[in-house]
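Could you build all of it, start to finish, from the sequences and the hints given here?
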Amino acid sequence: MNNFEDLQNKWQNQTTVSATDYGFKSLLKSVKAIEQKQQTGNVVLTITIIILVAFLLYVSGYKSTTFLLGIGLMIGSLVVRIAIELYSLKRLRSINFSKESNTFRNDLTSYYSFRKYTHFIITPLALVVYTVGFIVLLPLFEASLSHGFYIYILCSSVVFLVVFSVFLYKQIKIELNKLKQLQLDDEAINL
Amino acid sequence: MGSKEITYQKIYEENYSKVMRLCMGYTVGDESLAKDLTQETFIKVWQNLDGFRNESGLSTWIYRICVNTCLAEIRRARKKDKNLQIDNLQVSDSVDNATEKEDMLVRLYECINKLTSTNKAIILLELEGLPQLEISEIMGIKHEAIRTRIHRIKQQLTKCVHNE
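Sequence order for the protein chains is P and W.
Note that the first sequence covers residues 1 to 191 in full-length UniProt numbering.
Note that the second sequence covers residues 1 to 164 in full-length UniProt numbering.
One or more hints might be untrue.
[As the list claims (entries may be wrong)] Derived coverage of chain P by chain W (criterion: at least 3 residues anywhere in the stretch with Cβ under 8 Å from a Cβ of chain W; other residues may be distant):
no., region
1, 9-21
2, 89-102
3, 136-145
[What the hints assert, rightly or not] Lysine to any residue pairs mimicking SDA-like chemistry, simulated, CA-CA at most 20 Å apart:
no., chain 1, residue 1, chain 2, residue 2
4, P, K10, W, P131
5, P, K37, W, E40
6, W, K18, W, I43
7, W, K18, P, E5
8, W, K154, W, L115
9, W, K35, W, E73
I should point out that these hints are in silico values taken from the structure, not numbers from a laboratory.
We put the beta carbon where it would ideally sit given N, CA and C, even for glycine.
What follows is the structure in structure tokens.
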């Protein structure tokens, strides 16, 4: 195996970037920024929940069943979607990167399998429920808003739906590719 | 700086080069992407430092984080495969045979890239000169199985580099 030892020698002698004081300071900055970002994220989420609850309390005074049904479907689907995203994030963060690589791979595969289930069932369902809620509200919008503003709301919601669907599609594609790659590798391990 | 930060700096300085080299192997010599992965690895080191219990050696622990970080970033690395950035690889050697060695290093990177990500990790650790027992602890694969596998990958890699 002299040939391999030769390769090993070349590998170990290649010039690589070394640690610098500046690099460490920049790393420490990133570490602190991530911790700060997580705290900011929690604050933003708390504020969002407070606004949603306040809005629900505000609209609960309305006697229109159609309005309550429409708004309930829209907010309900959003809340379910946010809750699932938060649960996913929690699950992803709980994956221990210092575990043996085999166990880590299984944890990661299980996470992406869960995401696949979310993407194929819950996300489309949430999107449909959100759209239904919006459609239920349309007659009310038409009756209470000016024609121009009604058309604007109609058009912008279609644009939003298309943009959001494209964004979701891309996200799903990335995650499914990761799962596929992990499973391909898994098959190679078991050969 | 607090005591955690001082320990962290020591870990960073002592392990940066080997983590970077491993990441370079994963990214087919793309230095910029390897730097990102190295940074990501050390961020995970910081986040898990309080949980480090000396059950495995520090080096084994860091290699695990590095291998797993690279594994989690498979997609990003694969996407870059189309533009292999291995033109600027350098070997510290005399000018006479440096070019020949650099060519071989480029070929080595290309051949490593043909392996599955697990085999890639195993052979990169072997190239680093880690004992096979430590590689088996990092990968979570039995020592005997690792030994057989390393033997097979070594043969594949040597053949590939020499265009056999």
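Quick one, are W:K35 and W:E73 close enough, alpha carbons at most 20 Å? holds, 13 Å
For the region 89-102 of chain P, does the count of residues with a C-beta closer than 8 Å to a C-beta of chain W reach 3? This one holds; 7 residues, not fewer than the three required, reach chain W with a Cβ under 8 Å.
Does the alpha-carbon distance linking P:K10 and W:P131 stay inside the 20 Å limit? Between P:K10 and W:P131 the Cα gap is close to 18 Å, so the pair holds against 20 Å.
Need the status of pair W:K18, P:E5: alpha-carbon distance at most 20 Å? It holds: about 18 Å lies between the C-alpha atoms, which stays within 20 Å.
Can you confirm whether the C-alpha distance between W:K18 and W:I43 stays at or below 20 Å? Holds - the C-alpha atoms of W:I43 and W:K18 are around 16 Å apart, at most 20 Å.
Would you say the region 136-145 of chain P counts as covered by chain W, given the rule of at least 3 residues with C-beta under 8 Å? violated (count 0)
Does W:E40 sit within 20 Å of P:K37, going by the straight-line distance between their CA atoms? Holds, at roughly 16 Å.
Counting residues of the region 9-21 of chain P with a beta carbon closer than 8 Å to any beta carbon of chain W, are there 3 or more? holds (count 10)
Straight-line Cα separation of W:K154 and W:L115 no greater than 20 Å? Satisfied, since the Cα-Cα distance of roughly 11 Å is no more than 20 Å.
Violation of the numbered hints given earlier is confined to hint 3; every other hint is satisfied by the structure.
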